[in-house]
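Given the coordinates of chain V, assemble chain A onto it according to the supplied hints.
Top line first, the protein sequences correspond to chains V and A.
Each residue of the first sequence is one higher than the one before, starting from 1 at the first, in this note's numbering.
Each residue of the second sequence is one higher than the one before, starting from 1 at the first, in this note's numbering.
Simulated from the structure, these hints should not be mistaken for laboratory data.
All values derive from a computational prediction rather than experimental measurement.
Cβ atoms here follow ideal geometry from the backbone N, Cα and C, with glycine treated the same way.
Errors might be hidden in some of the hints.
Pair ranges (Cβ atoms, derived) [what the hints assert, rightly or not]:
# : chain 1 : residue 1 : chain 2 : residue 2 : range
1 : A       : E213      : V       : A44       : 35 to 43 Å
2 : V       : M1        : A       : D83       : 17 to 25 Å
3 : V       : K123      : A       : E168      : 47 to 55 Å
4 : A       : S37       : V       : E88       : 28 to 36 Å
5 : A       : K418      : V       : I95       : 25 to 33 Å
6 : V       : K123      : A       : R422      : 44 to 52 Å
7 : A       : K342      : V       : I95       : 34 to 42 Å
Simulated crosslink set (DMTMM-like; lysine to aspartate or glutamate; CA at most 20 Å straight-line) [unchecked claim]:
#  : chain 1 : residue 1 : chain 2 : residue 2
8  : V       : K78       : A       : D186
9  : A       : K417      : V       : E69
10 : V       : K134      : A       : D41
11 : V       : K16       : A       : D186
12 : V       : K53       : A       : D186
13 : A       : K259      : V       : D58
14 : A       : K251      : V       : E8
15 : A       : K418      : V       : E8
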Amino acid sequence: MIPYEIIEHTADVGLKVNGTTLKELFENAASGMFYIVAHKKSSANEHKKIQIKKEVEDFEELLVDWLSELLYIFDSQKILFSNFKILELNNSGVIGEAFGEKIDPSKNTLQTEIKAVTFHDLKIEEDKNGFSCKIIFDV
Amino acid sequence: MYNIKKIDSFHWEIPASYKPGMKVPGLIFASEALIDSILKDKAPEQVANVAFLPGIVKYSLAMPDIHWGYGFSIGGVAATDPDKNGVISPGGVGYDINCGVRLVRSELTLKDIKPKLQDLINSLFNNIPSGVGSSGNIRVSDKEESEIFVKGAGWAIKKGYGVKEDLEYTEDRGSIEGADPDKVSDRAYERGRKQSGTLGSGNHFIEVQEIDEIYDEHAANIFSLFKGQITVMIHSGSRGLGYQVCDDYVKSMVRCLSKYNISVPDRQLACAPINSEEGRSYLAAMKCAANYAWANRQCLMYLTREVFENVFDKSWKDIGLDLVYDVAHNIAKMERHQVDGKEKILCVHRKGATRALPPDHPDVPDKYKETGQPVIIPGDMGTHSYVLAGTRGAMNETFGSTCHGAGRRLSRSAAIKKCRGRQIDRELFQKSGIIVRAKGRSTLAEEAPEAYKDVTSVVDVVHEAGISRKVARMRPLGVIKG
Chain V
1 MIPYEIIEHT
11 ADVGLKVNGT
21 TLKELFENAA
31 SGMFYIVAHK
41 KSSANEHKKI
51 QIKKEVEDFE
61 ELLVDWLSEL
71 LYIFDSQKIL
81 FSNFKILELN
91 NSGVIGEAFG
101 EKIDPSKNTL
111 QTEIKAVTFH
121 DLKIEEDKNG
131 FSCKIIFDV
Chain A
1 MYNIKKIDSF
11 HWEIPASYKP
21 GMKVPGLIFA
31 SEALIDSILK
41 DKAPEQVANV
51 AFLPGIVKYS
61 LAMPDIHWGY
71 GFSIGGVAAT
81 DPDKNGVISP
91 GGVGYDINCG
101 VRLVRSELTL
111 KDIKPKLQDL
121 INSLFNNIPS
131 GVGSSGNIRV
141 SDKEESEIFV
151 KGAGWAIKKG
161 YGVKEDLEYT
171 EDRGSIEGAD
181 PDKVSDRAYE
191 RGRKQSGTLG
201 SGNHFIEVQE
211 IDEIYDEHAA
221 NIFSLFKGQI
231 TVMIHSGSRG
241 LGYQVCDDYV
251 KSMVRCLSKY
261 NISVPDRQLA
271 CAPINSEEGR
281 SYLAAMKCAA
291 NYAWANRQCL
301 MYLTREVFEN
311 VFDKSWKDIG
321 LDLVYDVAHN
331 IAKMERHQVD
341 GKEKILCVHR
351 KGATRALPPD
361 HPDVPDKYKE
371 TGQPVIIPGD
381 MGTHSYVLAG
391 TRGAMNETFG
401 STCHGAGRRL
411 SRSAAIKKCR
421 GRQIDRELFQ
431 KSGIIVRAKG
441 RSTLAEEAPE
451 AYKDVTSVVD
461 VVHEAGISRK
471 VARMRPLGVI
481 KG
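Excised from the complex, chain V in its bound form:
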């Protein structure tokens, strides 16, 4: 199973993400998003725990929240993440960990500025292999 691949979108950038479990889908989506940002793996000397509490009927909202939270930490604290672990995921929220490194944005090592994670065309599908979805990022 390919964890993620870049898909074509005229104005923005999209990802097709797969995961054998929902947790893995969330982890792979985060890996794909940071691949778009930097096109490389960072080291893992920084660690953040992310906790989002929200009652939801479906997981799309939580997926957007999880990715947006990582993007916010990246933007405000300049931590480029590359490894992710979802600890808990259910209808009342998500708890996960992200590992990465502090970066100096002036060194031009970054590839793409992601403005936001959108809900456009976002639908988590389940089949016999697990879960998959498309995510469009505004860049």
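Just chain A now, kept in the frame of chain V:
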């Protein structure tokens, strides 16, 4: 496809019967040549989706630079009526709230600038913060930031980053009334604080240009433009602040869909009635981000003027670096429009579209009352940009709106693939003498001229359809990108 119906050479209708739930038809402005590529994209589906918005008036409109976005297409215009449960949708504005362009004129011509062009472009590149997540030298406190949210470009003038006349030639004089800093989240504050006076990345740029064609001498004269003149175009927006404001409110409005019993085919069209707590809060926060963007472009113009002063060893006033006009192309505004012979206040969403007010409109500066509002249309970095003027046709047909640029033709990854192994900057220099400096490694390939539609064919459509008219054309000499 999309049951599209040709109305005449420049109008294409998607009937409301195309999808159950559409409240009005879609209307695309395009030529025969452009409509083919538009129909291959997913954008017309988004035009149809926007027609689901409660309270939408007349049409879900699309300008000829339309391309697939998220929620709204880019190049989309929709007006909603608050008296008919009309909604406001953050997706109809986009994340980069008040992304826009300003055009600065000069008294310079090509012969003045040619010997110093390399130096000028390098100096712009070195002195204007750009690139992914770039932060600037203009740092502000929380208190000052909320002042920016309310006063917009006026804050920058007060700080000495420009002169009063600059406000006269900025849409809404650089600040919309009704901005409420309390509706902006702490996170948005935090992201905005570090990024005042920064260009950003992606398609944002500062370009030095030469006017190489005048279509309307009289209007050009009133805009103080002439053939052979050097101009500077600045394209940027509200940076991380706007992204966060939009993000916060899309999330809260996703929840409004069930609360207000609104059915839309794409969650990115999340919205709330204009006359609801959520709708009012978003509008007040969006205005903060819009005002911040005007302050940002004002700061970028200030930095640009400083660079010119250093390179030419003259004051910017002596160089004649006056603002022609500044337009927003991602915004929602409450505006007066005629609907069925009655004046109504509508919420006009412009997502990748420009306001184009006609002659004598009260919101057009006195200097431009005769011509209509200047409309600034950036092209790609290898071809042309345009100055247009607003028309009555736009007021009648498009709620005073027109196109905003060339519009993408290729996705970013397709552009990178197409440009693999090529050096776009060297090509542009060898072919056209254009000097390009960019921060991002892939920016040049993503933004290569072939990634965009031909801006001239886009501008020709809005001119022929009568929703704005051509005044002048510029060719690029040098450009800095994030």
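Evaluated hints:
1. A:E213 x V:A44: 35 to 43 Å: 56 Å, violated
2. V:M1 x A:D83: 17 to 25 Å: 52 Å, violated
3. V:K123 x A:E168: 47 to 55 Å: Holds: the Cβ-Cβ distance is about 49 Å, inside 47 to 55 Å.
4. A:S37 x V:E88: 28 to 36 Å: 47 Å, violated
5. A:K418 x V:I95: 25 to 33 Å: Roughly 42 Å apart at Cβ, these two residues miss the hinted range, so it is violated.
6. V:K123 x A:R422: 44 to 52 Å: Since the Cβ atoms of K123 of chain V and R422 of chain A sit about 37 Å apart, the hinted range of 44 to 52 Å is violated.
7. A:K342 x V:I95: 34 to 42 Å: At 55 Å between Cβs, range violated.
8. V:K78 x A:D186: 18 Å, holds
9. A:K417 x V:E69: Status violated; Cα separation ~31 Å.
10. V:K134 x A:D41: Given that 20 Å is the threshold and the Cα spacing comes to 17 Å, the pair holds.
11. V:K16 x A:D186: 32 Å, violated
12. V:K53 x A:D186: Between K53 of chain V and D186 of chain A the Cα gap is close to 18 Å, so the pair holds against 20 Å.
13. A:K259 x V:D58: 16 Å, holds
14. A:K251 x V:E8: 25 Å, violated
15. A:K418 x V:E8: Within the cut-off at roughly 13 Å; holds.
In this structure, the hints that do not hold are numbers 1, 2, 4, 5, 6, 7, 9, 11, 14, in rising order.
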